[in-house]
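Chemist: So the sequences go chain by chain: A and B. Just add 57 to wherever you are in the first sequence, counting from 1, and you've got my numbering. Just add 4 to wherever you are in the second sequence, counting from 1, and you've got my numbering.
Careful, some of the hints might be misleading.
[Said to hold, decoys possible] If you want the footprint, here are the derived chain B segments under chain A, 3+ residues with CB under 8 Å:
hint	region
1	16-22
2	195-206
[Claimed, not checked] Chain B stretches covered by chain A per the calculated footprint, using a threshold of three residues with CB under 8 Å from any CB of chain A:
hint	region
3	25-34
4	246-257
Treat the hints as calculated values from the structure; they're not laboratory data. Predicted model, so just to flag it, every value in this text is computed and none were measured. No residue lacks a Cβ here, since even glycine has one placed at the ideal position from N, Cα and C.
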Amino acid sequence: MKHQVRLTVNGVSHELLVEPRVTLLDAIRELIGLTGTKKGCDTGDCGACTVILNGKSVNACLCLAVEADGGEVLTIEGLRTDSGPDLIQNAFIEHGAIQCGFCTPGMILSAKALLENNLDVDLDESQVTAAISGNLCRCTGYEKIIQAIMSLVQRSSIK
Amino acid sequence: MENDKKHISTIGQRIPRADSALIASGEAQYLDDIRIPGMLHGRILRSPHPHAKIRSIDTRKAERVLGVKAVITAADTPKIPFCHMPVTPNKLPLCSDKVRFIGDEVAAVAALDVDIAEEAVSLIQVEYEILPAVFDPLEAMKPDAPMLYDDCEKNIASRLVRNFGDVAKGLSEADFVFEDVFELPRVASCTLEPHGCIAQIDSQGNLTVWSSTQSITNIHEELGIPLGLPLHKIRVIAPFVGGAFGNKSVILPLEPITAFLARKAQRPVKIVTTREEEFTCSRTRYAMIIRLKTGVKKDGAITFRDAQVITDNGAYNNKAQGITMVTCNRIGNLYRVPHVRTEALIVYTNNQYGGALRGWGGPQAHFAVESQMDIIANQIGFDPLDFRLRNANQPGDKTVWGWEITSCGFSDCLRRAAQEIGWPKRREKKKFRGIGIAGAVHSGGGSMGAHGPANFEEVLVKLNSDGTVNVSVGCVDMGQGSSTVLAQIVAEELGVDTKEVKVITPDTDNAPRTMGPWGSRITFIAGNAARKAAAEVKSKMLTLAKDLLDVTDTAHLGFENGEIFVRNTLAKHLGIREVTEYFSRHFGQAILGRGFYNPENTVPPDRTTGYGNTSPAYSFCAHAAEVEVDPETGKVEVIKIVAAHDIGKAINPMLVEGQIDGGIAMGIGYALLEELKFDNGKTLNPTFAGYKILNSTEKPRLHHILIETDDPNGPFGAKGVGEIAMIPTAPAIANAIYDAVGVRIKELPISQGKILKALKEKVNSI
Numbered sequence: 058m059k060h061q062v063r064l065t066v067n068g069v070s071h072e073l074l075v076e077p078r079v080t081l082l083d084a085i086r087e088l089i090g091l092t093g094t095k096k097g098c099d100t101g102d103c104g105a106c107t108v109i110l111n112g113k114s115v116n117a118c119l120c121l122a123v124e125a126d127g128g129e130v131l132t133i134e135g136l137r138t139d140s141g142p143d144l145i146q147n148a149f150i151e152h153g154a155i156q157c158g159f160c161t162p163g164m165i166l167s168a169k170a171l172l173e174n175n176l177d178v179d180l181d182e183s184q185v186t187a188a189i190s191g192n193l194c195r196c197t198g199y200e201k202i203i204q205a206i207m208s209l210v211q212r213s214s215i216k
Numbered sequence: 005m006e007n008d009k010k011h012i013s014t015i016g017q018r019i020p021r022a023d024s025a026l027i028a029s030g031e032a033q034y035l036d037d038i039r040i041p042g043m044l045h046g047r048i049l050r051s052p053h054p055h056a057k058i059r060s061i062d063t064r065k066a067e068r069v070l071g072v073k074a075v076i077t078a079a080d081t082p083k084i085p086f087c088h089m090p091v092t093p094n095k096l097p098l099c100s101d102k103v104r105f106i107g108d109e110v111a112a113v114a115a116l117d118v119d120i121a122e123e124a125v126s127l128i129q130v131e132y133e134i135l136p137a138v139f140d141p142l143e144a145m146k147p148d149a150p151m152l153y154d155d156c157e158k159n160i161a162s163r164l165v166r167n168f169g170d171v172a173k174g175l176s177e178a179d180f181v182f183e184d185v186f187e188l189p190r191v192a193s194c195t196l197e198p199h200g201c202i203a204q205i206d207s208q209g210n211l212t213v214w215s216s217t218q219s220i221t222n223i224h225e226e227l228g229i230p231l232g233l234p235l236h237k238i239r240v241i242a243p244f245v246g247g248a249f250g251n252k253s254v255i256l257p258l259e260p261i262t263a264f265l266a267r268k269a270q271r272p273v274k275i276v277t278t279r280e281e282e283f284t285c286s287r288t289r290y291a292m293i294i295r296l297k298t299g300v301k302k303d304g305a306i307t308f309r310d311a312q313v314i315t316d317n318g319a320y321n322n323k324a325q326g327i328t329m330v331t332c333n334r335i336g337n338l339y340r341v342p343h344v345r346t347e348a349l350i351v352y353t354n355n356q357y358g359g360a361l362r363g364w365g366g367p368q369a370h371f372a373v374e375s376q377m378d379i380i381a382n383q384i385g386f387d388p389l390d391f392r393l394r395n396a397n398q399p400g401d402k403t404v405w406g407w408e409i410t411s412c413g414f415s416d417c418l419r420r421a422a423q424e425i426g427w428p429k430r431r432e433k434k435k436f437r438g439i440g441i442a443g444a445v446h447s448g449g450g451s452m453g454a455h456g457p458a459n460f461e462e463v464l465v466k467l468n469s470d471g472t473v474n475v476s477v478g479c480v481d482m483g484q485g486s487s488t489v490l491a492q493i494v495a496e497e498l499g500v501d502t503k504e505v506k507v508i509t510p511d512t513d514n515a516p517r518t519m520g521p522w523g524s525r526i527t528f529i530a531g532n533a534a535r536k537a538a539a540e541v542k543s544k545m546l547t548l549a550k551d552l553l554d555v556t557d558t559a560h561l562g563f564e565n566g567e568i569f570v571r572n573t574l575a576k577h578l579g580i581r582e583v584t585e586y587f588s589r590h591f592g593q594a595i596l597g598r599g600f601y602n603p604e605n606t607v608p609p610d611r612t613t614g615y616g617n618t619s620p621a622y623s624f625c626a627h628a629a630e631v632e633v634d635p636e637t638g639k640v641e642v643i644k645i646v647a648a649h650d651i652g653k654a655i656n657p658m659l660v661e662g663q664i665d666g667g668i669a670m671g672i673g674y675a676l677l678e679e680l681k682f683d684n685g686k687t688l689n690p691t692f693a694g695y696k697i698l699n700s701t702e703k704p705r706l707h708h709i710l711i712e713t714d715d716p717n718g719p720f721g722a723k724g725v726g727e728i729a730m731i732p733t734a735p736a737i738a739n740a741i742y743d744a745v746g747v748r749i750k751e752l753p754i755s756q757g758k759i760l761k762a763l764k765e766k767v768n769s770i
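Generate coordinates for the entire structure from the input sequences, incorporating the hints supplied.
Modeler: And the structure:
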């Protein structure tokens, strides 16, 4: 039996009819049509599907759409500002933190959740590496990704 | 104004990957992001048995499932086996009479959605006659072992022997002889994006394929054979590719299966493999056993190497012959080796079969050679660094194998990596901390392919009427940034801003034929082709500008930094845009340049002996590792890796560093973490939870040293770097572990258990 689910994705409200087993990831990609969120494993191990749900980063493949009912979701498509890429996206670009890019959307959203939830704190590198430890990357060795995020950890940088 | 001294503007700049803004915004479309109207979704039925005869397949129940549009078996596909290498091809798109590993493709379904396809696949009934199976290559060569193929004695797919110099002489000259056996595991590529394919066939039989491939030409030409289609009826498009590392360079059964489903269903079909399929059925790095015998003199000179390599081919031929030959020639060519003999056996087993993965056979060879270099140095009383420097390859060397080394900064790499890691003070370090070093050599400009002496790329440059530039290449940017490097090279030649150069997404309908990105070849080979194409554009521009600037001969004209000027005058000059606008207005055509490059300084391997110089340039590097080992748990923490690389010239240092960083991460995984584990052919760890790759918290401190040796044939002196960064990391770590706790592990990965066991044996032996 299908369930009615209401999701606000990147500020836009969606009403969906979904089977209870449909994941938030499939709802975002297949029903809403936002394909920036990637499917790397579908078992919650790689982090490519990371989105921000009600202020927290989650693996969208481990969350059912019905569980997210009424929730606010931020995906990679929601970050871009009128003047172009947001600060985190820009930092990833400028630091060369993007190679194949398949992990990038999830990685950026993990970084965003970390930075947004620590606005009044100066984060150190161990907090940054911990925050993206659930996001696997096979290309970059994480070095430039960490540099990109570290360029924004000073308190005022993302306000 | 005469301006003979060229101002280098874009070469050496840290420019981000050209399309990274599209990736960061989530707009970049990877294979699974593409939707075609009417598209179906496919799933593949795979063998649950490692070795069995197929008695019958009944697809009737599957066909009756609502929403199923096509079911195919071997009956729907031709019995034409494929293999990219020029060896016996034996993989069919769908198995007809026999399955040979767990995961072998048996049937496939296309349906309205993935769930329906999966349900239908589960309803296909296959009657198997289970056969005895063999999983160990040593067992497989025994007389009573199960046979994978009727006509293949002892399951030996190939025997490759190379013999250069006189090993007996080298043996007689040796004061010491060392013999060690090294074992290398089967590891997975772990591209974050799984393999995927979309196929669409129109009513005229034209097939369009979107493939997450790194080589559109290979997919194009290899698909034509099973489908029986002429190549003009097949179009292959590579969208954004989420990592490939060599693993997406030639067809899997996936592409023909998707195409046959599309043909039968008369609708577009997409298949994206699951992560479990990635781990269990895509091609792995080959597992090998290397027995390495080396002779040295008291003065530290190597006198010979003699190696036996056994490669676990898995169930089908794919790339083992080429990869194993790379393993052998690295054994013969890393350091000055006057006499070398290698014998390799490639053995069929009922395991998942192997394929290409970053470094080809280099990582296996280097783990053996560079572990043994330390063993030897420690035994004969040499400092491991000095022993390496004593034997290091030098510029201008011609090796006994026939390699002609042009630029070579190997000694510099070793010295500077050692200096940065703190080699001189290594005896003052904390207890349980250790330092190790390892060097590497790899092709710095690709190699001749398996099919002949070609090592080419072609690049087309088109000037738009407004002076901006389109560049057509066949080679896919799989994340390494090759398109950005090619844009920089074209921009540099024409003197325009890199932002005014667009490298077009590869599509076989209009791209030049390509060998694809493997062998760290695109910067060197396509880079040279891009330079030639841009030079042709420049020459055409000069001819046009001659009339516009009222000179009688183009010899009076100069072309620098995007400006054409009359030599020795101050006033007259034209920008590219002025020429292209004039030309398009008056004549209509675009100005085109074609550049083709196939190196002239290579020598094809002799058909009998294999002697030859297969690469136009060789890249060298050294990695130094600092580790700390916990003697209670066996846990290894990699504290720091220093990577010193002779890259000829860094066209884009930021991208070079990115390649090195990624190579190191994959190398640490190879050293300490990664191994596909099997029980009777069944993969025990087909998830990222069970198969660990390096994560962000395990990343050591990284330090890069770029050594620019200005290769005489590289574009702007550049050589390739993509693969070599993976190669010396594991032996550097193994050597550092030995330095830390005095145990020598010769079998990767160096797990905690292996260290604890070795520490225990060490204590017991005292």
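Chemist: Verify the coverage statement for the region 195-206 of chain B against chain A, using a C-beta to C-beta distance below 8 Å and requiring 3 or more qualifying residues.
Modeler: holds (count 4)
Chemist: Quick check: the region 25-34 of chain B, covered by chain A? Criterion 3+ residues, Cβ under 8 Å.
Modeler: Satisfied; 9 residues make the cut.
Chemist: Check, residue by residue, whether the region 246-257 of chain B contains three or more positions whose beta-carbon lies closer than 8 Å to a beta-carbon of chain A, and give the verdict.
Modeler: holds (count 4)
Chemist: Can you confirm whether chain A covers the region 16-22 of chain B, using C-beta to C-beta distances below 8 Å and requiring at least three such residues?
Modeler: Answer holds; 3 residues pass the 8 Å Cβ test.
Going through the hint list in order, the structure satisfies each hint without exception.
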